[in-house]
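Which chain is which? The protein sequence lines are A and B, in order.
Note that this note's numbering numbers the first sequence so that position 190 is 190, with each residue one more than the last.
Note that this note's numbering numbers the second sequence so that position 83 is 83, with each residue one more than the last.
No lab work stands behind these hints: they were computed from the structure.
There may be inaccurate statements among the hints.
Chain B is faced by these chain A residues, among others (derived, beta-carbon under 7 Å) [claimed, not checked]:
(1) 120
(2) 123
(3) 162
(4) 179
(5) 181
(6) 216
(7) 217
(8) 226
(9) 234
(10) 237
(11) 240
In silico lysine-lysine, DSSO-like type, Cα no more than 27 Å apart, as pairs [claimed, not checked]:
(12) B/81 x A/211
(13) B/77 x A/72
(14) A/77 x B/72
(15) A/32 x A/77
(16) B/131 x B/96
Covered stretches of chain B (in silico footprint by chain A; criterion: 3 or more residues with CB under 8 Å from a CB of chain A, positions within the stretch not fixed) [stated by the list, open to error]:
(17) 109-118
(18) 234-243
Everything numeric in this text was worked out from a predicted model, so none of it was measured.
No residue lacks a Cβ here, since even glycine has one placed at the ideal position from N, Cα and C.
There are 2 protein chains.
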Amino acid sequence: MSISKNQSKIITSLSQKKYRQKHKLFIAEGVKVVNELLNSSLEIDTLFAVDDFQIDIPENKITRISEKDLQKISNLKTPNKVLGLFKIPNDKLLQKNGLIVALEDVNDPGNLGTIIRLCDWFGVSQLLCSKETVDCYNQKVVQASMGSLTRVSITYIDLEMYLTASTLPTFIADMDGENVYKSQLPREGVLIMGNEANGVSDKIKVLIKNKISIPRFGEMQETESLNVATATAILLSEFKRSF
Amino acid sequence: MSISKNQSKIITSLSQKKYRQKHKLFIAEGVKVVNELLNSSLEIDTLFAVDDFQIDIPENKITRISEKDLQKISNLKTPNKVLGLFKIPNDKLLQKNGLIVALEDVNDPGNLGTIIRLCDWFGVSQLLCSKETVDCYNQKVVQASMGSLTRVSITYIDLEMYLTASTLPTFIADMDGENVYKSQLPREGVLIMGNEANGVSDKIKVLIKNKISIPRFGEMQETESLNVATATAILLSEFKRSF
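If we strip away everything but chain A, and leave its shape as in the complex, we get (with noise of 0.2 Å):
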């Protein structure tokens, strides 16, 4: 079998959020991710599979493709076995209890795919996203973020209007803030993260109630802030070490 014409501009397409959501399809590539989505509450519509892939689900779901097919459909530079297409999921019911992480504005696919890993590993089921953080179904967050993707409850959302009307203890990243290790930090609350290059906007930080900060041991002053993404896994460290 081959890929008609019409899957092949579908698939193309996907690449772009606004065709993710008129589809309501995303891609996810190689052997372990698409197992791994294989195997959550996912739903999937067409796995591109060449033969040697072997898998247990009805054949009608499978379309069967040469090497070289594969090649032209993928996003990868060493494309692996299989390609798939999953049904983006309906948004679930925001949780309101527990430690959450919330993220405006980030960019960066790697980082977004990390922090939903953190989000797993840590145990936070709710990860908030303002509207203008990266997609979550961008393929490089779902390769970055492999199964963890489907662990995490993840919900674009008004940051401003969330933060307005909740009641849990909201926490900043901060320089001026307390020290982290000195900290009593609670079992719920808000983890607010900012863009990759401009932090937390300061319509947000307004409404945010504590700062926090990770000392630098290092000496010299000019080193570089901590990147997003080692930043919120040290603070989830922290948030979780003490229960």
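Given chain A, put chain B in place with the hints provided.
Showing chain B alone in chain A's frame:
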């Protein structure tokens, strides 16, 4: 002025480690990174800059070029005013005390760049890399580590030999290790982090005394292990937080 054929050939060759070692030069690009390196102990060889890049170094070190020529030699998607050729410094004396990070075969330039920034942040002045670890003068590492590259001493070394000879306590991240949140960590020691896919090799593992683990809080056992850079972030934070 424009770029000579010979210069252009050298610049292109520097994407390969063997030519960086032959010419003892590496590339850094963009206003921010180049400025940080110019303000460090590194020596500049040649700076290729467009007319409106102003900088206080001897004019004979600067070759003024057009935006179009910069485009030709740049490895960035959007070239940013300047590309510098810097001299690779000679190896510094190995530091034998303090907290040391050692990497075995870390492949991804982004991960190495992030780890160099983390060492800088947490005051780790000596980073050891196995010979198979990605070269720290790879341009992606340079761009990701920014000025931190000049503040952390990075030495490529036979790790097995080093660990056999060292008398410092040695630590490895291992799922079966002691909960790091409950461990007494010393001021001095060597933290060894492994390759992205395979972790630390058996021949190195047998030389390491202490196993520590970052507990997983998510309930799902399928959660991917943490990425090597985020795990390093959390562990360095734990080593430093009580001092």
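To see whether the hints hold, each was checked on the structure:
1. Contact between residue 120 of chain A and chain B, as hinted, is supported at the beta carbon level, the nearest pair being about 5 Å apart and thus within 7 Å.
2. Interface restraint check: residue 123 of chain A against chain B, minimum CB-CB distance 4 Å, threshold 7 Å, status holds.
3. Here the hint on residue 162 of chain A is broken, as its CB sits about 23 Å from the closest CB of chain B, past 7 Å.
4. Checking residue 179 of chain A against chain B: minimum C-beta separation of about 9 Å lies over 7 Å; hint violated.
5. For the restraint placing residue 181 of chain A at the interface with chain B, the shortest Cβ-Cβ distance is roughly 4 Å, inside the 7 Å limit, so the hint holds.
6. Because the closest C-beta pair between residue 216 of chain A and chain B is about 6 Å apart, less than 7 Å, the hint holds.
7. Interface restraint check for residue 217 of chain A: the shortest CB-CB distance to chain B comes to about 4 Å, inside 7 Å, so the restraint holds.
8. A distance limit of 7 Å between C-beta atoms decides the matter here; for residue 226 of chain A the minimum to chain B is near 6 Å, and the interface restraint holds.
9. Residue-level restraint check for residue 234 of chain A holds (minimum Cβ-Cβ distance to chain B is 5 Å; threshold 7 Å).
10. With 7 Å as the threshold, the beta carbon of residue 237 of chain A comes within range of chain B, its nearest partner Cβ sitting at about 5 Å, so the hint holds.
11. Nearest Cβ of chain B to the Cβ of residue 240 of chain A: about 5 Å, under the 7 Å cut. The hint holds.
12. Only pairs whose Cα atoms come within 27 Å are accepted, and residue 81 of chain B paired with residue 211 of chain A is rejected, the gap being roughly 37 Å.
13. Taking the CA atoms of residue 77 of chain B and residue 72 of chain A, the gap is near 23 Å; set against the 27 Å cutoff, the hint holds.
14. Proposed proximity of residue 77 of chain A and residue 72 of chain B is supported: the alpha carbons are some 23 Å apart, at most 27 Å.
15. For the proposed pair residue 32 of chain A and residue 77 of chain A, the alpha carbon gap of about 16 Å is at most 27 Å, so the pair holds.
16. About 19 Å separates the Cα atoms of residue 131 of chain B and residue 96 of chain B, which keeps this hinted pair within 27 Å; it holds.
17. Given a C-beta distance limit of less than 8 Å, the hint that chain A covers the region 109-118 of chain B holds, as 4 residues qualify and 3 suffice.
18. Given as covered by chain A, the region 234-243 of chain B passes the check, having 6 residues with a CB less than 8 Å from a CB of that chain where 3 are the minimum.
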